[in-house]
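One letter stands for each residue in the lines below.
Protein chains: 2
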Amino acid sequence: MYLAKVYITLKPTVNDPQGLTIKGALHNLGFSTVTGVRAGKYMEIRIDENDPKKAHSQVQEMCHKLLANPVIENYRFELKEIPA
Amino acid sequence: MYLAKVYITLKPTVNDPQGLTIKGALHNLGFSTVTGVRAGKYMEIRIDENDPKKAHSQVQEMCHKLLANPVIENYRFELKEIPA
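As you go down the protein sequences, you meet chains Z and S in turn. Start counting the first sequence at 863; every next residue gets the next number (the working numbering). Start counting the second sequence at 863; every next residue gets the next number (the working numbering).
Check before you lean on any hint, since a few could be wrong.
[Unchecked claim] Straight line, CA to CA, 30 Å or less: simulated DSS-like cross-link-like pairs of lysine-lysine:
#	chain 1	residue 1	chain 2	residue 2
1	Z	K942	S	K903
2	S	K915	Z	K903
3	Z	K903	S	K873
4	S	K915	S	K885
If you are wondering where the hints come from, they were derived from the structure by calculation, not from laboratory data.
Bound conformation, chain Z alone (with noise of 0.2 Å):
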């Protein structure tokens, strides 16, 4: 059994309105030292898998396939052994 935890962000050229607003957000709420928010989306996948190997071959198909989107997204994960 492996637990996978997805990291999704924007890359860096594309255009963030989310992140943007967020600054927005935490200026109006006093927080002036923030200079930049980036938005981007956190997932944990278990996935039920003994082989190490197969179970990052597939967390990076469903990256691709699924959770990303290639052309304005970068996607890094970690994988760890957890007890079934």
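We have chain Z; now place chain S onto it with these hints.
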């Protein structure tokens, strides 16, 4: 200058329809080994602050006041010094 990487997840007891939808979509794509998906948020925040303790307490306050809903969400973050 500090970069805060903020991870926001739903508390384990809270229902996660987004995660269930992603799990269903992964099953439809043939990833039958997926036993669970929890969806969360990820943010990268740049802070113009030289004192790591101040940066830490600011990020903690931001999470508590705006970024996370402490009733249903947990948050954690990492701080890293970056060149200005």
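Hey, K942 (chain Z) versus K903 (chain S), does the alpha-carbon distance stay inside 30 Å? Given pair K942 (chain Z), K903 (chain S) holds - Cα atoms ~20 Å apart, limit 30 Å.
Would you check the hint for K915 (chain S) and K885 (chain S), treating anything up to 30 Å between C-alpha atoms as holding? The hint is violated at about 39 Å.
Hinted pair, alpha-carbon criterion (30 Å max): K915 (chain S), K903 (chain Z). Please report holds or violated. It holds: about 27 Å lies between the C-alpha atoms, which stays within 30 Å.
Given the hint that K903 (chain Z) pairs with K873 (chain S), test it: the Cα-Cα distance must not exceed 30 Å. Given pair K903 (chain Z), K873 (chain S) holds - Cα atoms ~16 Å apart, limit 30 Å.
The structure does not agree with numbered hint 4 stated previously, though it agrees with all others.
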